[in-house]
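Chains as they are written, first to last, in our numbering: chain A, 2 to 155; chain B, 2 to 155; chain C, 2 to 155; chain D, 2 to 155.
Derived from the structure by calculation, the hints contain no laboratory data. Treat the hints with care, since some could be wrong.
The list treats identical chains as one, so a pair stands whether inside a single copy or across any two.
For lysine-lysine, the following DSS-like pairs were computed, each having C-alpha atoms within a straight-line distance of at most 27 Å [stated by the list, open to error]: (1) LYS128 to LYS96; (2) LYS113 to LYS128; (3) LYS13 to LYS66; (4) LYS113 to LYS141.
There are 4 protein chains.
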Amino acid sequence: MNNNTENWLYLKRTVRFGETDAAGVMHFHQLFRWCHEAWEESLQNFGLPNNEIFPSLTKGNNLLKVALPVVYCHANFRNAIFSGDNLQVVVKPIKLNSNSFEIHTAFQRNNKSLAIGLIRHMAIDPKTRQRVHIPIGIEKWIEASSINQGPIPT
Amino acid sequence: MNNNTENWLYLKRTVRFGETDAAGVMHFHQLFRWCHEAWEESLQNFGLPNNEIFPSLTKGNNLLKVALPVVYCHANFRNAIFSGDNLQVVVKPIKLNSNSFEIHTAFQRNNKSLAIGLIRHMAIDPKTRQRVHIPIGIEKWIEASSINQGPIPT
Amino acid sequence: MNNNTENWLYLKRTVRFGETDAAGVMHFHQLFRWCHEAWEESLQNFGLPNNEIFPSLTKGNNLLKVALPVVYCHANFRNAIFSGDNLQVVVKPIKLNSNSFEIHTAFQRNNKSLAIGLIRHMAIDPKTRQRVHIPIGIEKWIEASSINQGPIPT
Amino acid sequence: MNNNTENWLYLKRTVRFGETDAAGVMHFHQLFRWCHEAWEESLQNFGLPNNEIFPSLTKGNNLLKVALPVVYCHANFRNAIFSGDNLQVVVKPIKLNSNSFEIHTAFQRNNKSLAIGLIRHMAIDPKTRQRVHIPIGIEKWIEASSINQGPIPT
Numbered sequence: 002m003n004n005n006t007e008n009w010l011y012l013k014r015t016v017r018f019g020e021t022d023a024a025g026v027m028h029f030h031q032l033f034r035w036c037h038e039a040w041e042e043s044l045q046n047f048g049l050p051n052n053e054i055f056p057s058l059t060k061g062n063n064l065l066k067v068a069l070p071v072v073y074c075h076a077n078f079r080n081a082i083f084s085g086d087n088l089q090v091v092v093k094p095i096k097l098n099s100n101s102f103e104i105h106t107a108f109q110r111n112n113k114s115l116a117i118g119l120i121r122h123m124a125i126d127p128k129t130r131q132r133v134h135i136p137i138g139i140e141k142w143i144e145a146s147s148i149n150q151g152p153i154p155t
Numbered sequence: 002m003n004n005n006t007e008n009w010l011y012l013k014r015t016v017r018f019g020e021t022d023a024a025g026v027m028h029f030h031q032l033f034r035w036c037h038e039a040w041e042e043s044l045q046n047f048g049l050p051n052n053e054i055f056p057s058l059t060k061g062n063n064l065l066k067v068a069l070p071v072v073y074c075h076a077n078f079r080n081a082i083f084s085g086d087n088l089q090v091v092v093k094p095i096k097l098n099s100n101s102f103e104i105h106t107a108f109q110r111n112n113k114s115l116a117i118g119l120i121r122h123m124a125i126d127p128k129t130r131q132r133v134h135i136p137i138g139i140e141k142w143i144e145a146s147s148i149n150q151g152p153i154p155t
Numbered sequence: 002m003n004n005n006t007e008n009w010l011y012l013k014r015t016v017r018f019g020e021t022d023a024a025g026v027m028h029f030h031q032l033f034r035w036c037h038e039a040w041e042e043s044l045q046n047f048g049l050p051n052n053e054i055f056p057s058l059t060k061g062n063n064l065l066k067v068a069l070p071v072v073y074c075h076a077n078f079r080n081a082i083f084s085g086d087n088l089q090v091v092v093k094p095i096k097l098n099s100n101s102f103e104i105h106t107a108f109q110r111n112n113k114s115l116a117i118g119l120i121r122h123m124a125i126d127p128k129t130r131q132r133v134h135i136p137i138g139i140e141k142w143i144e145a146s147s148i149n150q151g152p153i154p155t
Numbered sequence: 002m003n004n005n006t007e008n009w010l011y012l013k014r015t016v017r018f019g020e021t022d023a024a025g026v027m028h029f030h031q032l033f034r035w036c037h038e039a040w041e042e043s044l045q046n047f048g049l050p051n052n053e054i055f056p057s058l059t060k061g062n063n064l065l066k067v068a069l070p071v072v073y074c075h076a077n078f079r080n081a082i083f084s085g086d087n088l089q090v091v092v093k094p095i096k097l098n099s100n101s102f103e104i105h106t107a108f109q110r111n112n113k114s115l116a117i118g119l120i121r122h123m124a125i126d127p128k129t130r131q132r133v134h135i136p137i138g139i140e141k142w143i144e145a146s147s148i149n150q151g152p153i154p155t
């Protein structure tokens with residue numbers, strides 16, 4: 002297990018041309034893709050195997066005991082983001098209760114805040130759609146992420 | 002100019018296979034694309050030419066006097082959305098002040114609420130990035146949309 | 002079953018702002034999404050239920066007996082496509098053999114050819130990944146589409 | 002200028018959950034996004050500034066003297082690609098003539114070929130849409146990439 006939060010909470014991302022629109026800047030909804038991908042990269046860097054959390058056909062089985070659908074998300078856009086920008090990405094998870102958690106993700110360029118996104122997940126049984134406990138791996142990731150952390154990125 | 006709000010505030014959309022993920026349901030951030038496309042379709046149905054509002058290279062000119070970047074957005078997801086679902090889409094714009102407005106968009110299947118999205122736009126000068134008045138065409142669309150309307154879709 | 006090919010082989014699509022990039026024109030790979038969505042719309046208009054062809058979690062079952070992965074695709078781009086363009090979409094399926102078929106899709110603006118895309122599908126058993134016969138519904142759609150048809154759209 | 006082709010022709014990419022569909026595997030058209038992003042990353046690693054090649058609103062100017070639209074592309078899909086897969090990406094550019102070039106991109110998992118994509122670009126004047134010479138930076142990247150290279154990845 003990884004002991005250096007730098008490794009999984011502070012990521013990098015370069016903005017790509019196809020993520021812009023004809024106004025010449027990043028098209029807004031790409032930010033949510035970035036947030037979700039930052040979350041996946043964070044779990045991977047922490048040491049949590051992707052196929053324990055996200056359903057996949059690998060090995061002929063795409064049924065996990067817990068699904069983690071997004072129940073709410075929001076984003077604030079403060080400064081334009083351009084193709085080629087090298088972004089710093091700061092991930093901060095928060096446990097809300099035994100069934101749900103949210104992840105704040107901040108995007109910066111040269112330490113200037115450009116945008117933040119928040120995604121809230123609910124843990125459910127994929128068959129019954131009833132609430133269940135957050136998977137233990139996610140619990141550990143949230144707990145380890147909370148140690149020695151500053152305030153929520155803004 | 003169109004006088005029947007049915008025409009531009011009540012739209013339809015069928016969920017496509019590529020909009021799902023390996024959990025078997027619509028992948029969350031597609032909703033923001035749907036919201037923005039519903040807005041564009043609403044303006045078009047109302048009678049507002051696309052190239053008066055959205056920058057484009059058409060006629061060699063992609064510079065408009067007013068840009069309308071998204072400054073904030075959020076979404077609530079209440080029920081799973083599946084490939085092949087035929088959705089009702091209800092668009093409701095609200096003017097916030099002379100520089101900004103927001104659009105609430107509700108997605109329903111057989112009158113059951115599945116998800117809602119909100120997008121807030123700021124009117125700015127694309128060169129100076131300073132706030133300017135909402136374009137007159139957008140003003141008229143918001144005003145016409147407010148007549149005989151019920152509460153914000155939820 | 003629908004008897005008018007107009008209904009399922011000649012479709013319409015309006016280009017949306019989020020489908021452009023900072024060069025001011027449609028970003029190339031959107032075309033493949035359009036091709037696949039035109040195929041889905043064509044099957045739907047023909048009368049083939051979406052959930053007989055595309056896996057979905059609806060009713061708790063996302064396993065179909067036949068999967069139709071894309072094994073090859075290509076596209077030619079002839080003229081720039083702009084946000085707001087109202088496109089005519091012409092779909093033409095071709096059966097290659099008992100296991101595979103391809104769909105040619107042409108995109109036009111005012112009868113001017115802008116781009117064409119081709120997608121080739123293979124019918125397989127999703128568990129064994131071995132080739133199987135094309136589903137009967139798809140066979141019927143291809144057959145009905147071939148009657149009274151002109152040459153492949155270019 | 003970078004002298005180690007390893008640096009700009011051999012890249013890595015992890016498949017993300019949002020890139021899958023309800024069949025449990027990567028949705029086909031994502032491959033073209035990966036190809037284009039690999040090209041951008043390759044140019045960046047080689048030392049070519051993004052804003053010399055791709056239009057952007059940065060510094061209030063999104064007009065470059067040369068645009069590089071995609072005129073053709075294709076892809077072959079050989080083996081299913083799953084969420085969480087750590088892919089090797091091999092980029093190989095080829096100059097076709099003074100106005101156009103193409104980039105072959107191969108995607109492998111544990112040295113097993115999964116898919117290849119090809120994108121062909123034409124150099125044009127963005128105002129007149131007439132053919133022009135490939136930008137000198139791109140020429141240098143193609144030339145440097147050709148030294149000590151093996152066959153086209155398949």
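Going down the list of hints, with the structure as the test:
1. LYS128 to LYS96: within (24 Å within a copy, 37 Å between copies)
2. LYS113 to LYS128: Between copies only: 20 Å across chains, 44 Å inside a chain, cut-off 27 Å.
3. LYS13 to LYS66: This pair counts as neither: shortest intra-copy Cα distance 31 Å, inter-copy 30 Å.
4. LYS113 to LYS141: neither (30 Å within a copy, 34 Å between copies)
Violated hints, listed in ascending order, are 3 and 4; each of the other numbered hints is respected by the structure.
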